[in-house]
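Chains as they are written, first to last, in this note's numbering: chain Y, 347 to 517; chain B, 158 to 978.
Incorrect hints may appear among the rest.
As the list claims (entries may be wrong) - Cut-off 25 Å, straight-line C-alpha distance, at most; resulting in silico cross-link-like pairs (SDA-like, lysine to any residue):
no.: 1; chain 1: Y; residue 1: Lys-492; chain 2: B; residue 2: Glu-857
no.: 2; chain 1: B; residue 1: Lys-456; chain 2: B; residue 2: Thr-764
no.: 3; chain 1: Y; residue 1: Lys-492; chain 2: B; residue 2: Asn-863
no.: 4; chain 1: Y; residue 1: Lys-492; chain 2: B; residue 2: Arg-792
no.: 5; chain 1: B; residue 1: Lys-851; chain 2: Y; residue 2: Met-410
no.: 6; chain 1: B; residue 1: Lys-851; chain 2: Y; residue 2: Met-472
no.: 7; chain 1: Y; residue 1: Lys-492; chain 2: B; residue 2: Leu-866
no.: 8; chain 1: Y; residue 1: Lys-492; chain 2: B; residue 2: Ser-856
no.: 9; chain 1: Y; residue 1: Lys-492; chain 2: B; residue 2: Val-180
Bear in mind the hints are in silico, worked out from the structure with no lab data behind them.
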Amino acid sequence: MVQTTITVTVDGTSYTDQVEPRMLLVQYLRETLGKTGTLIGCDTSNCGACTVHLDGVSVKSCTMFAVQADGHEVTTIEGIAGADGLHPMQTAFHENHALQCGFCTPGMIMASIDLLRENPNPDEQMIRDGLEGNLCRCTGYQNIVKAVRSAAETEAAKVELGATIPVGQPS
Amino acid sequence: MSTLSKRPVNPVVGASEPHESAVGHVTGRALYTDDISTVRRDALVAWPVQSTQAHALITALRTDRALAVPGVVRVLTADDVPGHNDAGIWGDEPLFPTEVMYYGHAICWVLGESTEAARLGAAAVEVEYETLPSVITVSEAIAAGSFQGTPRVSRRGDIDAALSQAAHVFSGEIETSGQEHFYLETHASLAYYDEGDQLYVQCSTQNPSEAQAVVAHVLGLPRNAITVQSLRMGGGFGGKETQPHGLAAVAALGATLTGRPVRLRLNRTQDITITGKRPGFQMTWTAGFNDDGLLVGLKASMTADGGWCLDLMQAVLSRALCHFDNAYWIPAVEVHGRIVKTHKTSQTAFRGFGGPQGVLLIEDVFGKAAPALGIDPAELRRRNFYAPGQATPYGQVVKDAERMPKIWSKLLESCAFERRQNEIAAFNDSHAHVKRGLAITPIKFGISFNASFFNQAGALVLVYQDGSVLINHGGTEMGQGLHTKMIQVAATALGVPRSAVRLAPTRTDKVPNTSATAASTGADLNGAAVKNACDQIRERMAVVASGLLGVNPADVRFSDGAVTGLGAAEQLSFAEVATAAYLQRVQLSAAGYYRTEGLHWDQESWTGSPFSYFAFGAAATEVEVDGFTGAYRTRRVDIVHDVGDSLSPMIDVGQIEGGYVQGAGWLTLEDLRWDTSNGPTRGRLLTQSASTYKIPSFSEMPEEFNVTLFDEAHEEGSIYGSKAVGEPPLMLALSVREALRQAVGGFGPAGHPVTLASPATPEAVFWAVDEARAATQAATTQSAMTPGTTTQGTSTAAAVTTDSEQPPSLTPERSSILANP
Ligand code: FES
Ligand code: FES
Numbered sequence: 347m348v349q350t351t352i353t354v355t356v357d358g359t360s361y362t363d364q365v366e367p368r369m370l371l372v373q374y375l376r377e378t379l380g381k382t383g384t385l386i387g388c389d390t391s392n393c394g395a396c397t398v399h400l401d402g403v404s405v406k407s408c409t410m411f412a413v414q415a416d417g418h419e420v421t422t423i424e425g426i427a428g429a430d431g432l433h434p435m436q437t438a439f440h441e442n443h444a445l446q447c448g449f450c451t452p453g454m455i456m457a458s459i460d461l462l463r464e465n466p467n468p469d470e471q472m473i474r475d476g477l478e479g480n481l482c483r484c485t486g487y488q489n490i491v492k493a494v495r496s497a498a499e500t501e502a503a504k505v506e507l508g509a510t511i512p513v514g515q516p517s
Numbered sequence: 158m159s160t161l162s163k164r165p166v167n168p169v170v171g172a173s174e175p176h177e178s179a180v181g182h183v184t185g186r187a188l189y190t191d192d193i194s195t196v197r198r199d200a201l202v203a204w205p206v207q208s209t210q211a212h213a214l215i216t217a218l219r220t221d222r223a224l225a226v227p228g229v230v231r232v233l234t235a236d237d238v239p240g241h242n243d244a245g246i247w248g249d250e251p252l253f254p255t256e257v258m259y260y261g262h263a264i265c266w267v268l269g270e271s272t273e274a275a276r277l278g279a280a281a282v283e284v285e286y287e288t289l290p291s292v293i294t295v296s297e298a299i300a301a302g303s304f305q306g307t308p309r310v311s312r313r314g315d316i317d318a319a320l321s322q323a324a325h326v327f328s329g330e331i332e333t334s335g336q337e338h339f340y341l342e343t344h345a346s347l348a349y350y351d352e353g354d355q356l357y358v359q360c361s362t363q364n365p366s367e368a369q370a371v372v373a374h375v376l377g378l379p380r381n382a383i384t385v386q387s388l389r390m391g392g393g394f395g396g397k398e399t400q401p402h403g404l405a406a407v408a409a410l411g412a413t414l415t416g417r418p419v420r421l422r423l424n425r426t427q428d429i430t431i432t433g434k435r436p437g438f439q440m441t442w443t444a445g446f447n448d449d450g451l452l453v454g455l456k457a458s459m460t461a462d463g464g465w466c467l468d469l470m471q472a473v474l475s476r477a478l479c480h481f482d483n484a485y486w487i488p489a490v491e492v493h494g495r496i497v498k499t500h501k502t503s504q505t506a507f508r509g510f511g512g513p514q515g516v517l518l519i520e521d522v523f524g525k526a527a528p529a530l531g532i533d534p535a536e537l538r539r540r541n542f543y544a545p546g547q548a549t550p551y552g553q554v555v556k557d558a559e560r561m562p563k564i565w566s567k568l569l570e571s572c573a574f575e576r577r578q579n580e581i582a583a584f585n586d587s588h589a590h591v592k593r594g595l596a597i598t599p600i601k602f603g604i605s606f607n608a609s610f611f612n613q614a615g616a617l618v619l620v621y622q623d624g625s626v627l628i629n630h631g632g633t634e635m636g637q638g639l640h641t642k643m644i645q646v647a648a649t650a651l652g653v654p655r656s657a658v659r660l661a662p663t664r665t666d667k668v669p670n671t672s673a674t675a676a677s678t679g680a681d682l683n684g685a686a687v688k689n690a691c692d693q694i695r696e697r698m699a700v701v702a703s704g705l706l707g708v709n710p711a712d713v714r715f716s717d718g719a720v721t722g723l724g725a726a727e728q729l730s731f732a733e734v735a736t737a738a739y740l741q742r743v744q745l746s747a748a749g750y751y752r753t754e755g756l757h758w759d760q761e762s763w764t765g766s767p768f769s770y771f772a773f774g775a776a777a778t779e780v781e782v783d784g785f786t787g788a789y790r791t792r793r794v795d796i797v798h799d800v801g802d803s804l805s806p807m808i809d810v811g812q813i814e815g816g817y818v819q820g821a822g823w824l825t826l827e828d829l830r831w832d833t834s835n836g837p838t839r840g841r842l843l844t845q846s847a848s849t850y851k852i853p854s855f856s857e858m859p860e861e862f863n864v865t866l867f868d869e870a871h872e873e874g875s876i877y878g879s880k881a882v883g884e885p886p887l888m889l890a891l892s893v894r895e896a897l898r899q900a901v902g903g904f905g906p907a908g909h910p911v912t913l914a915s916p917a918t919p920e921a922v923f924w925a926v927d928e929a930r931a932a933t934q935a936a937t938t939q940s941a942m943t944p945g946t947t948t949q950g951t952s953t954a955a956a957v958t959t960d961s962e963q964p965p966s967l968t969p970e971r972s973s974i975l976a977n978p
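The following block holds chain Y by itself, in its conformation from the complex (with noise of 0.2 Å):
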């Protein structure tokens, strides 16, 4: 089968494979890298288990080829802590229970992400917008929502203070 070469940077380490012009970019970070923490609730680009970050932006990596992400980087869940621990929105998540059996939980993470990198500070009925391509079937979303919220009123108190980087910003 014919082959092609792609270069991608994953969490900060550049790769460089064969794969089949059909490989979806989902089962090239799965299969190829090893990569599991995304994961594949529906295959079909409904339920955002697969989302992750290609520059900085999320994408359902499932509906993306992964000669689509030559040249480019992404980010996955396993890419987003800091060396100082987890990334505002993981702690988020933790600590406000905004999972269950957590098979959305990374896809739900990259895409309140990228919210909050277009809307550091999105009211209720905003976070429900922005996160709407993605399912839970365990939380009924009220703990996301939550997390969402907290992890932004943190940040923007940290900005505040000067302290750090928004938690919308792709690390």
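Chain Y is fixed; fit chain B with the ligands onto it per the hints.
Relative to chain Y, chain B with the ligands alone:
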């Protein structure tokens, strides 16, 4: 207070602890089955060949073309099975069928070096069919006499006398749709032979022991040759109680025949088209009330859509027949239940397990009767609650019945029910095309498996010399927080901080013969078993500590990692006592066991005491319906729910919120549609992906959602005074259905009983509004012609109100009217 329910001072249970795997989930490090599979680079991938007929004999199955596909290693067929070709518990589920029983039925499985190879191989398998007649809908099955299982009747008193003497008699019909579990993680298994030549199966299952049993049965091996592990599931909801086991057997068979690991993960469409669902029910009822609005009798029949095989349907039907009373005293009862066999996927456990269908029936009765009786629906429901001492139709006294009215009044007050009812009445008066509704509904749900023998559990607890603790139990984690609670139980029982306890994955070689994590019993049963093991170890350690502290063993206290003696000045650490115990040759591990006492059930007479206790709750939901489109939104939800003394409040509230939303999905959005035409794809599931099967998303979230745990809730005789929480909250969503009914009623004349299809999709609501408006028009015309008449009070024993009309959304002509207005 019993030793099981009494909490020591300083308990770890009762604290709002984050989920045990939360860090793993937010970092992506928590592994699911197919994540584990990716590590096995040498694994073969299994892919199914699915039937393209609803019902047919397989006259030829040719695999040679598939074997010629590069990368295809083997095609698994019935000839390969060394044991029994059956994946079920009743012997009616051939793993490799010769007669396909539903569209999508897996016929054989292709093993390939890659997903792609296996998929292409499956496409190359040639199947020839001899088409047989098929039944798809419940009505078709009834007409064809296609039944399975044993019909059951719940009976009390003289129903015919009760109905003939009743002041008001109403009847109705309702057909509820099924529901797809749509756990975000689809079914997955990985099988291989380990270093010790033990067949190891990692399976996303709620019931590892049954997975082990089915694999053993198919392979003709004793169970001790097989270890099944269920590390965690990305959601289960009952969908992984029986359904994973045939799939695990396919992977295990593949591994046995090829000597290579085999991984199997269904993609979403395969998952929806192959595996079981919540059954739809067709129900008819006749209910009698006296002049005070008290129910005097209920006669009903429930026909459950059983799909192609029995699976858990008999038990599902049992639960429906034990829950049609919900929270209400019904003196005379005759309710018949039966199961039809249809050419559809199997129908199986789904959160509530038949309970929701039963509760839906009686809430439909109240929803229809209230306007006709001219009694406010909330008041009508309250009047009919069980009084302390009264028994269910199957003869079990309703323990803690006084909690229901307490919860009710608490909720009415906290949600400002009366004030909002008045506001809504004013709003509806001033808005012709938008109406609001506010409804409150109760839940009483029996906890324990209906079949008494399932109510047992085991645990294994190990204390190491450094004082660290490792626990195992028979329950599985699907997101519900069971493992978190079990860690809290162990930490409480041993008197150590949560951080000292670690939990190892659920495996059949640690705790054998376990029951499914189901029927909401996970924490009750396994928690009691974990505590039992911890108690044994703590008592032994108390003897050791008493010697060191110079006090009586009964005066030794374990708390927060410290061991003290009453009156002793010295304090020891838990680790010091553990080390001392080891040196004194005192055993630091224990197997725990628990069985629920006092349960009995006679399915012939349909009587007994099958439940350990009842969980109670109530929800009030407000909706707003648009009269032009039937579109609606949920403005506010308030819930007061009884979880006993909560083991883990944050987790329990999460279960309540999630359960409600899932129930609202079942009742308002999730619409399984099957091809009922006589075309070539008859029996095909039309809603087979997330793009056509609609589960609740952020946009359907209630605008305001308040959940309160009922506080006078100690449950005597249950683990640390707690109650089960998994299933009951799902049925709180009946309040959204009833609120929609009331809002629709606002478009009709006073006293107009609203028939609402289930699910109450916007389309169904639109047709109900249409009907209500037509009734208004008719009433106006009529009263113009004969002044003084009213539509109220026409329902008496002499004039029985019936609505035999098909629920609107089920009528195809009406759907096409909507499509082409
Ligand atoms: S798996 Fe990509 S959106 Fe569902
Ligand atoms: S936590 Fe299970 S799908 Fe969201």
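Decide if the proposed pair is consistent with the structure: Y:Lys-492 and B:Leu-866, CA atoms, cutoff 25 Å inclusive.
OK: Y:Lys-492 and B:Leu-866 at ~19 Å, within 25 Å.
Quick one, are Y:Lys-492 and B:Glu-857 close enough, alpha carbons at most 25 Å?
Distance of about 16 Å is within 25 Å: holds.
Hinted pair, alpha-carbon criterion (25 Å max): Y:Lys-492, B:Val-180. Please report holds or violated.
OK: Y:Lys-492 and B:Val-180 at ~18 Å, within 25 Å.
Taking 25 Å as the top limit, are the C-alpha atoms of B:Lys-851 and Y:Met-472 close enough?
Roughly 22 Å separates the two Cα atoms, so the pair holds.
Quickly compare the C-alpha distance for Y:Lys-492 and B:Arg-792 to 25 Å and report which way the hint goes.
Distance ~18 Å between Y:Lys-492 and B:Arg-792 Cα, so the pair holds.
For the pair supplied as a hint, B:Lys-456 and B:Thr-764, is the alpha-carbon distance within the 25 Å limit?
Measuring from Cα to Cα gives roughly 17 Å; hence the hint holds.
Given hint B:Asn-863 paired with Y:Lys-492 - CA-CA distance at most 25 Å:
Measuring from Cα to Cα gives roughly 13 Å; hence the hint holds.
Can you confirm whether the C-alpha distance between Y:Lys-492 and B:Ser-856 stays at or below 25 Å?
At roughly 15 Å apart (the allowed maximum being 25 Å), B:Ser-856 and Y:Lys-492 satisfy the hint.
Holds or violated: B:Lys-851 and Y:Met-410, Cα atoms, limit 25 Å.
Holds, because 23 Å separates the two Cα atoms, which is no more than 25 Å.
Checked against the numbered hints above, the structure breaks none of them.
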